[in-house]
Every structure is written in C-alpha cells, then in structure tokens.
Amino acid sequence: MNLTLFVWRQSGPNEKGKLEEYEAKNVSPDMSFLEMLDEVNEALIKEGRDTIAFDHDCREGICGTCCQTINGQPHGPHDGTTVCQLHMRQFSDGDVIYIEPWRAKAFPIIKDLVVDRSALDRIIQAGGFTSASTGGVPDANAVLIPKPEADLAMDAAECIGCGACIASCPNASAMLFTGAKVSQLAHLPQGQVEAAARVCAMTEQALKDGFGNCTNHYECQAACPKGIDVKFIAKLNREYIKAQLKGA
Amino acid sequence: MILDGKCPTGPIQQSWDKHRQDLKLVNPANKRKFKVLVVGTGLAGGAAAATLGELGYNVEAFCYQDSPRRAHSIAAQGGINAAKNYPNDGDSIHRLFYDTIKGGDFRAREADVWRLAQVSNNIIDQCAAQGVPFAREYSGYLANRSFGGAQVSRTFYARGQTGQQLLLGAYSALARQINAGSVKMHTRREMIDLVVVDGVAKGITVRNLVTGEVESHWGDAVVLCTGGYVNVFYLSTNAMGCSVTAAWAAHKKGALMANPCYTQIHPTCIPQSGDHQSKLTLMSESLRNDGRIWVPKKKGDTRHPSEIPENERDYYLERKYPSYGNLAPRDIASRAAKESCDEGRGVGAGGYGVYLDYAAAIERLGESTIASRYGNLFDMYEKITAENAYKEPMRMYPAPHYSMGGLWVDYNCMSNVPGLFVLGEANFSVHGANRLGASALMQGLADGYFVIPYTIAGYLATITPGTVKDDHPEFKKAKEDAQNRTDKLLAINGKKTPTEFMRELGKVMWNNVGMARSEKSLKEALQIIPEMREEFWKNVKVVGSGNDFNQQLENAGRTADFLEFAELMTYDALHRDESCGGHFRTEHQTEDGEAKRNDEDFTYVAAWGSTGANSAPELHKEPLKFENVELAVRSYK
Ligand SMILES: Cc1cc2nc3c(=O)[nH]c(=O)nc-3n(C[C@H](O)[C@H](O)[C@H](O)COP(=O)(O)OP(=O)(O)OC[C@H]3O[C@@H](n4cnc5c(N)ncnc54)[C@H](O)[C@@H]3O)c2cc1C
Ligand code: FES
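Protein sequence lines correspond, in order, to chains A and B. Numbering follows my numbering, with no gaps: position 85 of the first sequence is 85. Numbering follows my numbering, with no gaps: position 102 of the second sequence is 1102.
Some clues are possibly wrong.
[What the hints assert, rightly or not] Derived DSS-like pairs: lysine-lysine, alpha-carbon spacing no greater than 27 angstroms straight-line:
(1) K208(A) - K1184(B)
(2) K46(A) - K1496(B)
(3) K1496(B) - K25(A)
(4) K25(A) - K1297(B)
(5) K1523(B) - K46(A)
(6) K1495(B) - K25(A)
(7) K1469(B) - K1479(B)
(8) K25(A) - K1507(B)
(9) K46(A) - K25(A)
(10) K46(A) - K1541(B)
(11) K16(A) - K46(A)
(12) K46(A) - K1507(B)
(13) K46(A) - K1253(B)
(14) K46(A) - K1538(B)
(15) K1469(B) - K1253(B)
(16) K1298(B) - K1320(B)
(17) K1496(B) - K1541(B)
(18) K1523(B) - K1596(B)
(19) K1488(B) - K1253(B)
[What the hints assert, rightly or not] Reference listing, derived: stretches of chain A covered by chain B, where coverage requires no fewer than 3 residues with Cβ under 8 angstroms from a Cβ of chain B:
(20) 56-65
(21) 109-120
None of these hints come from the bench; they were simulated from the model. Every residue, glycine too, gets a C-beta built ideally from N, C-alpha and C.
Use the sequences and the hints to build the structure in full.
Structure, rendered in structure tokens:
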C-alpha cells in the first residue's frame, strides 16, 4: 500500500517545528510501524536528506522507549500496543497519517519525535524503591504474600514508563505512572515501611516537574499500552490521604 | 601466552568463601575517594552501580538509552534460576553447578560456575526484598517452573516479564543511590573508547548522543556491563541499539576477547516475514513447558495443521530426546528445527518454521490456565502475525539470541587490562559454549550484586585514587581519535546506507557463521568480510551532522565496529576445529548428528589479542581443568 505521512520535524529544543509531508511507498501489511518509518528514512538518506529522528530500542513493546502520537493517539489506533508493535495491517492504502511527538510541558522536545522524559526517572528517584541495600535481607520465602496481593502488585508493575499516559492527558498528569509504582509497593509487605514517605515524595516531585493533576478523564488508561488500570490512581489518592493523616 | 584465570585452589565448595576472606578491603572512609565508572546499566551494570554506591564508592554510570530502565535486560521473559530447592525436587548448588557446566558443553571454568550457583539463592532474596512481584502459589510461597536443560523446577518468574521486573528492581535500587548522591547517572551517552594509561584502565570516551559532543570521563576503575554482540547477525532478538562497540573499543586497547564464536541461536522465535524486517521476536522458552513441537512427516506438506492427523506428525524432540523431550537445551532444539526444515519439512511461507502446538495442553488444562501462564506471549504473537495461538499452533524458527563469548576476565571479573572489569553478557565467564535458559539474568545479577562489590575492593586497595584525571594527554588523544572517526564517516558520502551494510553483514554471518559452520563457509566469510569493510569506508552514506542528535551516525559507528568484530568471530570459529554447544562445525558430528567435542585439543578458552587493523589476532590460551565433574559426552536422550 501507499501512504501519505505528515511528520513533526523540529531540529532542536529551541527551534520551531512543523509538520512535513512524506510518501511511504510499497508498504507491506506485515511491517511494523517503525519498519515503515525505517524505509522512509532509507529513502531520505538516498536523497541526502536528514532522517526523521524517533526513539526506539527493543521493538517488542517492553522497554518503553518508542513514543509517537499517531493521528492524535499516543501509540496509535490499536489498543494495548506500543508503536513498535503496531503493524501496518491496521492501515489501508491511501491513508493519511499524522505523526507527532509526546506533547507535555515536562517532556521537552529534543529532535523531531524524540522527547526528554527524564522527569519520569526523577519521580522514581524521589521514592519509587524499598531501601533494601544489597545483602542482609531475609530468605525470600520468609515473607509470605497472598497470591491476590502479589498479582495486584504485578498488574501495577507492568508499567513500561513510556509516558503515553501523560501524553494523552489534557492536564499532562503523571498520576497513572506514579500510582502504578506506589501501588505496586503498597500491595507488598516489603513496601509498607516507607509507604507514607514514598507517596508524598513522589507526588511532590511530579508537581515540581510540571505534571498536572488528575481530573478523571481516564484518557491515560485508554492510551496505556499495558492497560494499567485507573484504579491505581484511586489507590495513589488513598495512600496519599493516609500519609497526610499520619503527618508524613 | 598461557592465561591464568586466578581461580582459588582447594575444595570448590569453599572456594568463594575462602577467596572473599583473602581479598583486601577498602576502609569505609576511603571508599568515596575512589571513582568507579560503570558503563551499562542493565541487570549487571544497574546492580553493580547501585551496590557500589551503597558501599560508599563515588560512582558514575552510563547508558545509551534515555533511562537506565530501558536496558535490554528488560526484554527477558521466562525467568531466573536459583538453587533454592523450594519444590524439594532434588535441586542443590551442586546440581545447578553441574547442569550449567554440562549445558555449556564443558567449556566453562568450574570455579566461576560454582560461585554463580552459590550466590543464586541470595539473588532471589534480594529481589524479593526490593519488591519484585514474583509469581506465588495460593499459599503465599514463591512459585517455580522448569526450563530447558534441567530436570528440576528451579526457575522463578514474574508472569512473562521476569527481566522487566528484575531490571526495574535494580533500577529502583540505582534510583535510590542517584537520589542519595552516591551515583551520578549519564544517560544518552555511548562509550566509544577506553582510555588506558601505562597499561591500566583509567577512563572512557563517550559521545553525548543529544549534543554530539565527545566527552572524557576519568575513573580509578572501569566496569563494563554493555551486554552482548549477537546483532552481528543483524536480525536477532536483541534490541536495535545493542552493539559490540564498547567491548570492541576495550579490545582494541588491549583487552582480550574470549571465545567470540560461542553464540546462541534460540529455538523459539517468530519467523521472519520479509526483507523489511528489523529484528526478530523471541517467544520464551517457558512455552516449551506445555507446548509440543512438531513438523509434518511428509516433505512439502502444505495442509493446514488441523488437517494433519496425529500419525502424520513428527514430534521430533520427543522422538529424539525422550528424557528431556521438548525441554532439550537450546542449541540442540535449534539444530533439530533447522534439520527438519532443511529436509523440506518446514512449515509456513518459505518453509522456515516448525509448529509449537498447545492443543493438547489446552485440552488438558483449559484455555484459562494456559492464558494465565502465557497470555502475554500469545498476545504478542497475535500482534506480530495476526494469528491466534489458542486456535492454531504457533510457527517458530531459531534466531540469534545470546553471546556466550565476550571479553576475557579472571575469577575477579577483571580483564587482562588492570582496572577494567567486565560483567554480565559482556564477559565470557560462566556459560561455556551454550547457555541454559534463565541463567543470564542470574549471571548479570550475581556479577553486579554479589561479585564485583568484593572483587573490586581487592584491586582498588592496591592503587592510589585519583592519580590520573581527564587532563592526561591520553584522554585528549582518545577524544581527537573519536572526532576524526566521526568526521571521516560524515565525509565519505557514498551510496549505501549503514543499514544496508549491516543487513549484508548479517546475511553472511547467518549463512556462513550461524547454526552450522564448516571450514569452507568460514573461509568464505573471511574472504567477504574484509571486502565489505573496505567498501564500507569508501561507500557508506551518513547524513546529518556530528554536532547534534544523529541516529544515522550512531548506526554507522556500530556497523563499522561489527564489520571488524565479525572477522574475529569467524576467525575463532575456524580455529576451533571441533563442535561444542552452540558452535557446530559440520565436519565434527556424531552419526546421529550431535556435536562432537575434541577434548584432547580444545579444552581451553581461546582469548584473542588485537594486533592492529588488518592483521591476524594473537591467540592466548587458558586451559580448562575439570576436577569436580567428569568430562563426558553431553547426552539429553
Ligand atoms: C528477548 C530476550 C529474552 C531473554 N530471556 C531471558 C530469560 O528468560 N532468562 C534469562 O536468564 N535470560 C534471558 N535473556 C538474556 C538476558 O536478558 C541478557 O543476557 C541479560 O539481561 C544481559 O544483561 P546485561 O546487564 O549484561 O546487558 P544489557 O541488559 O543488554 O545492558 C547493557 C547496558 O549497556 C549499555 N550499553 C551498551 N553499549 C553501550 C555503549 N557503547 N555505551 C554506553 N552504554 C552502553 C546499555 O545502555 C545498557 O544499559 C533474554 C534475552 C533476550 C534478548
Ligand atoms: S521500542 Fe521498546 S517498547 Fe517500543
């Protein structure tokens, strides 16, 4: 099939960007979206033109590196799929596709479709851990965890940190991302001791970096390639109130 | 030269404890005076940087991605081994040790493997304490499953995302140290050179991938944790950015490269769908727990799998290896798949595929049980192939997956260049000629959490911190070399893209240095690779500039390094005139097509030294001694 692409091109963080038009020719339905862009880039090289910069690495939907808004939807039209796992069979001959970077104040653009997501690392650094230094921990089976709790912790832990939740949110809120980490640890005995301090520190850091608040649009859950449930935002709020009551 | 692995002597059971006792310590007040550079923050590097930070060293860590959470360790699916023996099914440190040595076809060092098996138990404890949500039984105890090459259930897992969860555990430990100020993290940096002063590693040169700037960083020790090199095949299960670049830079500065020909081809990957393909996707080995592998008995049978009756199917692994069946080790399972396809019995377009069938398991256990065990893998399969594996069998074909070879290190994980340590997939140490499933995660974390914190002290205690800094002329020279190479790449302005070269190289490596190798195929590759390299430096086209974010330049640099490394890998494969594990020389096979080792002549590690561009590498041997296991013919029948 043949497609028309409008791709956001911006040469640097402080430059002005704009949508530019490209043709993608002879696209096979078995290609992934990124392979389609690879081919466009190969053609650009042959013409001596600068290629479209986009982030990617594992290309199997787990590292969270790829991040593109396709026709207004972070990670594109297929539910529960990252851009790298999106396949061209989702599109038809003659389609016009708009490709843009994640847009959020906390994610400055580096080049074209590449953004700086280090703010997400800073949220984790603020408290997304247990303070278990290497060595000196009990036998893994000394602390039992009921299976339903372990499963809930795992549901939350599936977050790949791509930032689609933020890109899709009208407030650019990081509450699904933060809530997932807070909930994972709150569902495990190992995370209890520092729970109050953790939720306060992580929430504060998110505000500091310019992420907004949640006003219940739930776009985040719809955009999340891993289907992380908004119930973890509710859990985040409960943990936060609990911490406030404790005076943490 | 004969190399000394500096392994402890005496009973192997006490070797690591005794060695730890003998190692020097660095006084707590002095630790912060030592700057340690950790390159790579996957499982090995993330664990190392976090732990060294906790201990009080002044750590700086580097990765090429935008966050340490994205290292390729994240993609590991199936699980991590440990000798806990929780299921009471006969496991022990000794058994894990033995299985790993045997799985590696008797080409690994005993002492290193023993230590790995010993600390495997600490890893599970550590990860559980970090909040890694391992799978649990209803009783609340940890669950285990079985994996290839073992007859016990010793694999711990977190759904189909074990690597992700373990990496996020290490990443969170690292985040805690970054927050505490003991680790400084440099993301989007690619190491392109090792700085060696008077024969000792003293720092690195990196390219800032955002600004293009070449930076110098000094350190009292450099710890390389930069992963494996199977992207030399272009199509592999590794992430697009995985490369040999950092290891190759170290090699060119004097570090020996050991057993580069030992590469693992994983039996269960989704077959290639066309020439546009950029990578191959692995389907976890855990699938072989419940799935049955088969091909039609008849050649060129194009019927739909559901129309092929039971008695016309060949469950070849169950037939050939009755005691391990579908759980035969990877090298064996991969070769058996290739054989079936080469005989014309392969399935799917092009005939390069075998079936992995769940019908029997679904009938026995129900679809929901299968979904809870492998749901995410079935989903992934459907996204890529648009086929529903609950309804029809998956199609699988082997793909390059893991590098057992790597930089040579001694028992302390230090290379022959003092001050340069190498951990995880980047070193050669424990897997011999074939790695068993669920043991790479184990090795990465063992090296990072439990080995390097001890052994690095033994080295640092013998040197004075901060004697060489980045104002030393060697740093300036390395920077100039890097700049010159960038300028040269950009100036060629030829006709072929870096990806085109990489694809071509990958094809040669796969056809000539892949699952089956012969003197003829290897000699042919040794003819082609230098020609390709020459063409690359005359005809590559790299667009963009050297002063900003330029992914084409990154690609070109990695391709240039692979074009050099590929030759060494082929050279090693030609020199190793035997078959062992993943290294299958067609000249050396038993009557029924199994790998035939030559213990008399090849029971050694081949560690190659660089002698400069376009000149033959120099071979150093480290003899392997087996005192605790008997060298035996590896049989899984
Ligand atoms: C799809 C897949 C599934 C797997 N499943 C399993 C499994 O179930 N069980 C198991 O035990 N093993 C599994 N493995 C193997 C295992 O995941 C890897 O061997 C292991 O995670 C490697 O860890 P590492 O820390 O050595 O390297 P990596 O995780 O690859 O990390 C390398 C690090 O080095 C950095 N780096 C690389 N080059 C440079 C450079 N030049 N400059 C700066 N930084 C650099 C990267 O940024 C990264 O941080 C699997 C592998 C794959 C590919
Ligand atoms: S590239 Fe890793 S999730 Fe898309």
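Comparing the hints with the structure gives:
1. K208(A) - K1184(B): Between K208(A) and K1184(B) the Cα gap is close to 21 angstroms, so the pair holds against 27 angstroms.
2. K46(A) - K1496(B): OK: K46(A) and K1496(B) at ~8 angstroms, within 27 angstroms.
3. K1496(B) - K25(A): holds (19 angstroms)
4. K25(A) - K1297(B): violated (41 angstroms)
5. K1523(B) - K46(A): Violated, at roughly 33 angstroms.
6. K1495(B) - K25(A): holds (20 angstroms)
7. K1469(B) - K1479(B): holds (14 angstroms)
8. K25(A) - K1507(B): Judged against 27 angstroms, a Cα distance of about 25 angstroms means the pair holds.
9. K46(A) - K25(A): holds (15 angstroms)
10. K46(A) - K1541(B): holds (8 angstroms)
11. K16(A) - K46(A): holds (26 angstroms)
12. K46(A) - K1507(B): holds (22 angstroms)
13. K46(A) - K1253(B): It is violated: about 35 angstroms lies between the C-alpha atoms, which goes past 27 angstroms.
14. K46(A) - K1538(B): holds (16 angstroms)
15. K1469(B) - K1253(B): holds (18 angstroms)
16. K1298(B) - K1320(B): Distance of about 18 angstroms is within 27 angstroms: holds.
17. K1496(B) - K1541(B): holds (6 angstroms)
18. K1523(B) - K1596(B): holds (21 angstroms)
19. K1488(B) - K1253(B): holds (21 angstroms)
20. 56-65: holds (count 10)
21. 109-120: Holds: 7 residues of the stretch 109-120 of chain A have a Cβ under 8 angstroms from chain B.
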